[in-house]
Amino acid sequence: MNYEAVIGLEVHVQVKTRTKMFTRVAAGYGHEPNTLTDPVVLALPGVLPVMNKAALDAIIKAGLMLGCEIAPVCKWDRKQYFYPDSPKNYQISQYDQPICLGGTVEIELPGPARNVMGEHKRVPLTRIHLEEDVGKLNHFATESLVDYNRAGTPLMEIVSEPAMHTAEEAYAYLTSLRATMIYGGISDCDMEKGQLRCDANISIRPVGAARLGTKVELKNLNSISFVRDGIAHEIKRQIGVMARGEAIVQETRDYDGQTGASQSLRSKEMAHDYRYFPDPDLMPVQVDAEWKARLRAACPELPFEKQRRFLEQYQVPYTITSVLIWDRELSDYFEEVAQLAGPGRAQAAGNWIVNDLLREIGTAKTSLGAAKVRPAHLAELVQLIDAGSLLTNTAKEVFIAMFASGESPTAIIARQGLNAAATDVGEIEIWCHAAIAANAKALAEFKTGKDSAINAFKGPVMKAAKGRANPKLVDEVLRRLLAAL
Amino acid sequence: MRSEPFFHTIAELAALLDAGKLSSVELTKAVVARTKAVDARVKAFNSYDEDDALAQAAASDARRSTGQVRGLLEGIPVGLKDVISVANQPLTASSRMLANFISPYDATVTQRLKRAGAVLWGRLNLDEFAMGSSTENSAFGPTHNPWDLSRVPGGSSGGSAAALAAGEAVATLGSDTGGSIRQPAALCGVVGLKPSYGLVSRYGLIAFASSLDQIGPLTRTVEDASIMLGVIAGHDPFDSTSCQTEVPDYRAALAEKRGPWRIGIPQEYFGEGLDPEVGAAVEQAIAFYRSRQCVIKEVSLPHTQYCLDTYYIIATAEASSNLARYDGIRYGHRTAEAVDVGELYCKSRAEGFGAEVKRRIILGTYVLSSGYYDAYYLRAQKVRTLIRRDFLNAYQDVDALLTPTSPVPAFTLGEKTNPLAMYLCDIYTIGANLAGLPAISVPCGFTGGGLPIGLQLIGQPFREAELLPIAHCYEQAHDWHTAHPKL
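Keeping their order, the protein sequence lines are chains A and B.
Our numbering applies: residue 1028 is where the first sequence begins, and numbers increase by one.
Our numbering applies: residue 926 is where the second sequence begins, and numbers increase by one.
The following block holds chain A by itself, in its conformation from the complex (with noise of 0.2 Å):
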């Protein structure tokens, strides 16, 4: 029998704000243990908890970019139960009345090669609410130590609709949701540091039925490879027990993504009540029309409207775009290249900063932000080649200098004595004399109709130019002197 998968993934991503949820306490990663708390983040005797505004801002900014419905009133509920990394031994989160419903996310498979765009989908969102994060437990030997500085951190709940098929589409799904939060501003979505977590809901039923199979929660999926590895796995593993004429039992699993096997956390029968219920400390709050359209006013492009526009109104390769649009900065400095090099030069502009900017920056571990070369320079640079001024090889040299020092193209040829293209018609004349009297064969061949020929007689002129003619210019000499022949 033939089966189909059906996924969900319940994304956490942590907002990023100066402060916590609840308390002015900073919020941040990697300080010393219990150094970011306050009384409020300890939940010591008689705190109460105040809502962060920037907190919600951005969740609805998030909402927003995904276009959900915003609802009228975020409305704050306790999820109830015992766990040292919670202080208060309940957690304040949304339960029946999130902050955004519906929406969707526009995800991309891959296509049938790397130059080709794969199909697009828009996978349904069921909700985004708004939460606290909680603390972490170190395990020793012999104790447990809790650190509460994640404790109170704005999270944001992602969850979708059991509406993915296979474990690329969660790969996909992961790339563009983390893509859009970053963009909006609303995370730095950086795994490692937990900023974005991802569990999976996985069931499998056969191709065609219409009723979902017995599901299953893979949690700890910490990198976005482990996502579609685990989910992988677990399909596998369901359809396994299946062929086994076993049941697919519904619980929890843990996958490890260093042995690529998964074990089982828990049973459902052993699942929490969470005896939710509204949170007497926090009063809802309205969300007017005129504090979503001030959101949606600060809401940016979304990464594959970026790349709908850069294919059109750039007129640049596929591949080049399926760099750029995963990188806010990176596509607003190629656009900045495209615009100052001018009509034309887009692609030359994309070339260079997807090949060479990407390559130095990855060389010298740094970043864009704190790369030398200015989008005017390399603009500039775009422009002399273009125009003949300068060859490819030597622009590779003045580039590797410009990234070096962050002077001007301009500045770095006269500085070191890097010389322009060759473009002396008669010394370009010679060479190709020259070349063409070496080479009887190819003469023959040109005149006989076979236009490639041509490119014999560009190889001597090249080494008799040291690399320096103009390729436009040889080709251009020696069509003319070939006619003449």
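It is possible that some hints are incorrect.
[To be verified] Covered by chain B, according to a simulated footprint, are these stretches of chain A (three or more residues, beta-carbon under 8 Å):
#1 1061-1075
#2 1308-1321
[To be verified] Label pairs and their calculated CB-CB ranges:
#3 His1166/A <-> Thr1260/B: 18 to 26 Å
#4 Arg1284/B <-> Asp1215/A: 47 to 55 Å
#5 Glu1096/A <-> Asp977/B: 36 to 44 Å
#6 Ala1274/A <-> Gly1066/B: 55 to 63 Å
#7 Thr1193/A <-> Arg1284/B: 52 to 60 Å
[What the hints assert, rightly or not] Quick list of in silico lysine to any residue cross-link-like pairs, SDA-like style, CA-CA up to 20 Å:
#8 Lys1307/B <-> Tyr1303/A
#9 Lys1102/A <-> Asp1265/B
#10 Lys1163/A <-> Thr1310/B
#11 Lys1102/A <-> Ser1165/B
The set of hints was computed from the structure by calculation and includes no laboratory data.
On a predicted model such as this, the values are computed, not experimentally measured, just so you know.
Using N, Cα and C, we set each Cβ at its ideal position, and we do this for glycine too.
Position chain B relative to chain A; hints supplied.
Chain B in isolation, oriented as in the chain A frame:
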């Protein structure tokens, strides 16, 4: 004028301090000495720090000598119920769970008292986590009624009421979730005010039931209550449930508003279970208002019969959640023997909480459980809306409601062993909490056996400035509040 400074009112003492006839150090020393003399019998205090109080008093005198009087409470010793946080002082909730807990921060009301110049004096006993009506549920032993040491002072703010009645403080703060200020005030013969929900910040008050709790003053007179309320009331950015409402001059209102008023008598508050002597004293008070040309009108609050059930569902549900933080992990009592975290929770809480607290946590956990939420908590919230509507309907015809505060005067220690019998002590007071209304208890007589009786006046939301003058009018025409227990 009363002879002993510790039996004076805030208003009287402020005048003496202003006139230089008394210093805060002298006053504080008198209060300390009185406490040392009587508290072995009254047991109103969980703890006090004499040196700290005298240092505060000396600082107050120094301010006064340089003309830097902070406010009406400058130099006045004020006692705090041991659920209100004072930085670097114990905060126990009269629970074994917090027996050794020192709070690192000030409650908002504490800051406001300090800003008004008050001398913060001692930690006052209560029913553990404010759950009870007799102060017998304290893990540190019961407080005794200064009028009859064999009897309870009421609760849960029993320490606050008893200390005040016994002259161990000039004024005190309590907290009121279902009557916990008013009922002990009535049983100890002092004034107790529960403000409108949202008027006084709850930040720094150990939460029992968040949607019902309010901090309020216990004082010798209505005027003192007005002074105290003026200091502690007003919006606090640290409490989302505190209202952005203006704080009028409550004390000035006493002189400005002289009636006559329209006073409603809710018939449901005079039924079965009302002690005849209490009933008679309250009838006398009604007669007084009538004699002052007030319109006395019988009104009905038809959902009164559901108050107790509604209250015990909402209060316990919220308490079960609010008390979850006491787990022995970060602070508070931790069991000596536990092999894993589950056992650590169970044993720490089993050892740290008393029987009544456990009973309410279990009740509250039950009513919030999956499958029961709609039938209990959600239903109770709907009934709560109806109860509030009853009150607001009544206020279309009357300015305030008049009822007994407690159906019975102070009962003897150990008398009420059945929890339900104890819960019935709050039958007249919980309505104001469920409806969020201001309510005050003022002394209105004594039983034949010499036990104080209290009269309750319930006002309209955030109309304390209308309610206090009604109580003041009665008080000034009587001398019940000038009597003191013989200790």
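(message) Against the 20 Å threshold, does the CA-CA distance of lysine 1102/A and serine 1165/B hold or violate the hint?
(response) With Cα atoms ~13 Å apart, lysine 1102/A and serine 1165/B stay inside 20 Å; holds.
(request) Given that the region 1308-1321 of chain A was listed as covered by chain B, double-check it with a C-beta distance under 8 Å for 3 or more residues. (result) holds (count 3)
(message) Quick check: do three or more residues in the region 1061-1075 of chain A have a beta carbon closer than 8 Å to a beta carbon of chain B?
(response) n = 8 at 8 Å, threshold three: holds.
(message) Assuming the hint says 55 to 63 Å, is it satisfied by the Cβ distance from alanine 1274/A to glycine 1066/B or not?
(response) 59 Å Cβ-Cβ, so the 55 to 63 Å window holds.
(request) Hint says 18 to 26 Å; check whether the CB-CB distance for histidine 1166/A and threonine 1260/B agrees. (result) Distance hint for histidine 1166/A, threonine 1260/B holds at roughly 20 Å.
(message) Given the hint of 52 to 60 Å, is the C-beta distance from threonine 1193/A to arginine 1284/B inside that range or not?
(response) Distance hint for threonine 1193/A, arginine 1284/B holds at roughly 54 Å.
(message) Hint check: lysine 1102/A vs aspartate 1265/B, CA-CA at most 20 Å. Holds or violated?
(response) With Cα atoms ~36 Å apart, lysine 1102/A and aspartate 1265/B exceed 20 Å; violated.
(request) Would you mind confirming whether the straight-line C-alpha gap from lysine 1307/B to tyrosine 1303/A stays at or under 20 Å? (result) 17 Å, holds
(message) Quick check: does the Cβ-Cβ distance between arginine 1284/B and aspartate 1215/A fall within 47 to 55 Å?
(response) Distance hint for arginine 1284/B, aspartate 1215/A holds at roughly 48 Å.
(message) Against the range 36 to 44 Å, how does the distance between the Cβ atoms of glutamate 1096/A and aspartate 977/B compare: consistent or not?
(response) 57 Å, violated
(request) For the pair we were handed, lysine 1163/A and threonine 1310/B, check the Cα-Cα distance against 20 Å. (result) Status violated; Cα separation ~41 Å.
When held up to the earlier numbered hints, the structure conflicts with 5, 9 and 10 and fits the remainder.
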